[in-house]
Amino acid sequence: MFAQVVLVRNGFVFLLGLVIGLTILPARGTAQSSGQNPTFRENFYDVGIHDDRCWIVGYYGTILHSRDRGLTWQVQSSGTKEALFRVGFVNQEKGWISGSYGTILRTRDGGKSWQLQRTLSTEHLFGLSFLNERIGWVVGSRGTILYTEDGGLTWVDRSLGEDVILNDVGFINRREGWVVGEFGRIYHTVDGGQSWVKQKSPIEVSFISGENRNLFRLLLLRREEGGKGLINSWAFGLDGVILTAQQGKQWEVVRKNVSNNPVATVHHLFDAVIFRGRKWAVGERGTVVFAGVRDEEWVPVDLNTPPVSLNGIAFGLDGLGLIIGNRGVVLRTEDGGEKWERIRIVPRGPGKGISRVQ
Amino acid sequence: MKRIAEFIVRRRLAILLVVAFLTLFFGYHALRVEMYTVFSDLLPRNHPYINVHNEFRRIFGGANLILLSVEVTEGDIFNFKTLEKIKRLTEVIELTHGVNNYQIFSIARQKVKDVRGSSWGVVVKPVMWPDVPKTREGLEQLRFAVYANPAIGGRLVSMDGKAALITAAFHEERLDYARLFRRIRKAIEEVEDENTKVYASGEPILNGWIYYHLREIAVIIGLTCFTLLALLVLYYRNLNGVMIPVISALVTFLWGTGFTALLGYNFEPLVLVVPFLIAARTLSHSIQFRERFFEELERCGDKEKAAVESASGLLMPGSVSILTDAIGLTVLLVAPMPILTKLAIAGSFWVISNIVSVEILDPILCCYFPVPRRLPKGREGHWLDSPLRSMARFCTATKGRWMVLAAFGGIAIWGIYWNQFLTVGSSRPGSPLLWPDSNYNESVRHINDKFRGTDHLYIVVKGARESAAKSPEVLRTIEAMQRHMERSPHVGGTDSLVLLTRRINTVLHDNDPRWGIIPRSAADVGGLLSIAEHGSEPGDFSRWVNYNFQHANVTVFLRDHRGRTIREVIDRAKEFISENPMSQAEFKLAGGLVGVLAAANDVIESSHALTLGLMLLAQLVICAFGFRSLVAGFLFVSVVLLSNTFGMALMAYWNVGLNVNTMPVITLGIGFGVDYGIYIVSRTIEEYVRQGRQDLRAALIEGVATAGKAVLYTAFLVSAGIAFWSFSPLRFQAEMGYQLLIILTMNMLGGLFLLPALITVLRPRFILGNVVVKSHAGPS
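Listed in order, the protein sequences are those of chains X and D. Using numbering that gives the first Met the number 0, the first residue of the first sequence is number 0, and each one after it goes up by one. Using numbering that gives the first Met the number 0, the first residue of the second sequence is number 0, and each one after it goes up by one.
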């Protein structure tokens, strides 16, 4: 009898337990987070190569770094969300980056850490040039020119005082340099930037003309180590225009922008580089052209890429070269530009990516 | 109960006339019922996402989006022939009734433009309007224009150049899906050839496919009805046994359909399984009555007496069963979704009508139908009798009962384990309503392969004042959110006013990509946007921002709309919103198809436990009241809960999500589940009393052998009917068929095996003493 009562009571408890147990079902798994990294599909604005090391900078504070000739990549923390336009290294450890709204970053350890430099400028700094680890210039919108002689710790304002966008700067020594920019303007200094003289530009137009003749990139060919001065210079710009000047004095057009054709098929050139006797330029809508250093017969290269803007090109040791552009486009060569492969940097762990040939 | 039964039989003519009149009344109204899908029925009432969706759908586009992808096998789309096809399809969409003309996007539209800054100023021209380029140079220019613009390349034309996408939003007010689908299909057939294939996806297309398959579904329903009839004929072989269940089912059908029409409700094609299930239950109750009637007739030989005895014996368990069935649907009222509310109200009435069509009408019809010349063998004479008795003996034996309990315990553990994997919402990419190799799901796969995602989530940025969307703070926060969302592997991409602002800034600075940044002041942003506005047409900006720039929209393109995907993406958005408050605006979740589904999933998730809890509580109360015992309530509820757990686990195991379509079917299945047990236990009590309360085991064996026979037969009948649903062109219906089959089988097994085993172990007092079934002392 007692056993039966216990059994009945236990049975009731069993039923109650069954009901409660089945009602309160285990909680569902939580949503999983992911490692998809938009940084690898960003608009890239410039690439720098020093020996085997490569840096790519771009929109939203993007800095990518590779130690193995662009095979694997790490995201370096820039500490900013500003767009980063230019990168320059004087050796494997020391480098600088300029960006939007007065951003200048400096590293002394190959990019492991980047420090934001105080510039007091809020302009976009499009051009950057360092002669050595102490002396450098950056240029940008509203005629901004900044100069440092302590490796970027302090910057001196040597702006033009004109509302003109300056896109690039280049110095052959601490006194003589050039700046190119909006309206096809070219400025020259021989006193380390204390004064700037506007050179005669064959494409310059006035503001009220309604036309534009922007120059985006300056390329200086210096004499070999030990020699002095400049051999030749080029400026690249809107609608594929290319100017050249022997020793940087008399500028002339070597590649015209297309005449009054509103549907120009020759596209803007945003960056250029000299490597192994060839000049290379890249630009709008997938444009890649090259020419010999001593001739101006520019040959287009069909790299079979989508016609996105290609914004930077650089070469390094043993024929390593990279072209970067909008929407994460990266092209890589190992033979000095004979054969280019398009690679996609795909995430491989947090902040890490691997190049995959497309 | 006996007095009620006697009253019914005594006043049978009057009652029959009243029922006939009411049946005619409902039948007349049943003719007016229509079958169509109302999109707004799927939107939960007063859900914050739906409020946002309703407030902004006219500006930014709703959830009724179609996507047509024109794909080529050889070469790419940049040839005159293919581009002409894209243009033709775009024109068909533009002229389709119900389309929101501001929300059509295709490279053949005037508003899809190539904008480029050059030495000579800003050049703006439609990429392929009004004419398709014919020359090689023109085609190359088009290719350049497409890929140079991130708003076109990758979005309207795939990056490999093999596919072009046309998207169009449709107004949600009673869209004629069937007509729209026919029109689109015709246009697709016109342009398709050996090298060109058009893939179509989106809610209107999905609904169109469902309508397209309705004829096949009608054939399945017809086959199901025929099979049920054939089984009845085979089993009973007499007019009484065949016709009365059919008449009951017909009366219930007319009452339910008529009531649906009277309320102004429609038939939703996807929940057609529900009326079928209700009809199947009518048959089931009627068969229980048949079995009892023939048993009583065999005993007393007088059909009126047999009708009274059967009715008095079955009125209580029958009514309790019907009430619990009805409760299964009524509890859906707690889910504030019109489709479920309609189902709850109309379905409950439909089920309740079984009290009239079976419990009242069956005894009356039995009196009017002729007595079969050869009665079906009941009790010992029936071929099922011996196996059922052996089975009952095993379940009630000392070892056997524990073996049965252990087996069901194992099932419970398996069920609890798999329940954790149950998904709320869709559980597969594409549409779970259709088979994976269906045209629609194949289209979804193709479009997702080529483009960034077919399912849109709108996150609205609600500004505090005019021009709030021009604020750089707002734009920067929107951009940060886009980047945050793009980190999700479920997100193919995002779009917002930020992309437009950056693009305009670039174009106005000679296409220099470095200028693709957000200006620092609202005045600069305003300046850029006003320049862009001057060169645009009405509606060009409407996918990003409203007319006075107060509210903006962030579109998140999802690769699928699985429940897990939606939850992860919505959680991600919420996380960002809570960490990034803005002074001039606030993020509001959520619009678009994904927003609507997120709301529906939310409601399903929050109301599912409540629905189940309420249903079990109602079953507990009704059973406890019916049997005057709380233990009885718990006994039945535990069996139901077990089959529910098993059913849900099977859903998880088969990767079927719990959503607005599956929830009512499952709830109904569970609601129906208690019936079998009620009939068996009720009969056991009768037998126990009849045998002088001496031998519980003998009573259980008798209960299983008699009521269990009807239970087994009705379960087989329903299963045979449901089996045809596995041939349905709609995967949803086939899976729900399997699901119901399993749940109902589990309930049957619970009634035949578990309950006898549990009763012998627990020896509950509601059976052993305090007899409650006073109306009938059992046939002597």
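There may be inaccurate statements among the hints.
Claimed, not checked - Simulated crosslink set (DSS-like; lysine-lysine; CA at most 27 Å straight-line):
| id | chain 1 | residue 1 | chain 2 | residue 2 |
| --- | --- | --- | --- | --- |
| 1 | X | 93 | X | 111 |
| 2 | D | 461 | D | 133 |
| 3 | D | 124 | X | 255 |
| 4 | D | 161 | X | 338 |
| 5 | D | 573 | D | 110 |
| 6 | D | 80 | D | 1 |
| 7 | D | 80 | D | 449 |
| 8 | D | 110 | D | 80 |
| 9 | D | 449 | X | 80 |
| 10 | D | 304 | D | 449 |
| 11 | D | 461 | X | 80 |
| 12 | X | 351 | X | 111 |
No wet-lab data here; the hints were simulated from the structure.
Tested hints:
1. X:93 with X:111: Satisfied, since the Cα-Cα distance of roughly 11 Å is no more than 27 Å.
2. D:461 with D:133: Violated, at roughly 45 Å.
3. D:124 with X:255: Holds. Residue 124 of chain D to residue 255 of chain X sits at ~24 Å (cutoff 27 Å).
4. D:161 with X:338: Status holds; Cα separation ~26 Å.
5. D:573 with D:110: 33 Å, violated
6. D:80 with D:1: 81 Å, violated
7. D:80 with D:449: 20 Å, holds
8. D:110 with D:80: Satisfied, since the Cα-Cα distance of roughly 22 Å is no more than 27 Å.
9. D:449 with X:80: 31 Å, violated
10. D:304 with D:449: 73 Å, violated
11. D:461 with X:80: Status holds; Cα separation ~24 Å.
12. X:351 with X:111: Given pair residue 351 of chain X, residue 111 of chain X holds - Cα atoms ~14 Å apart, limit 27 Å.
Of the numbered hints given earlier, the model fails hints 2, 5, 6, 9 and 10; all others are met.
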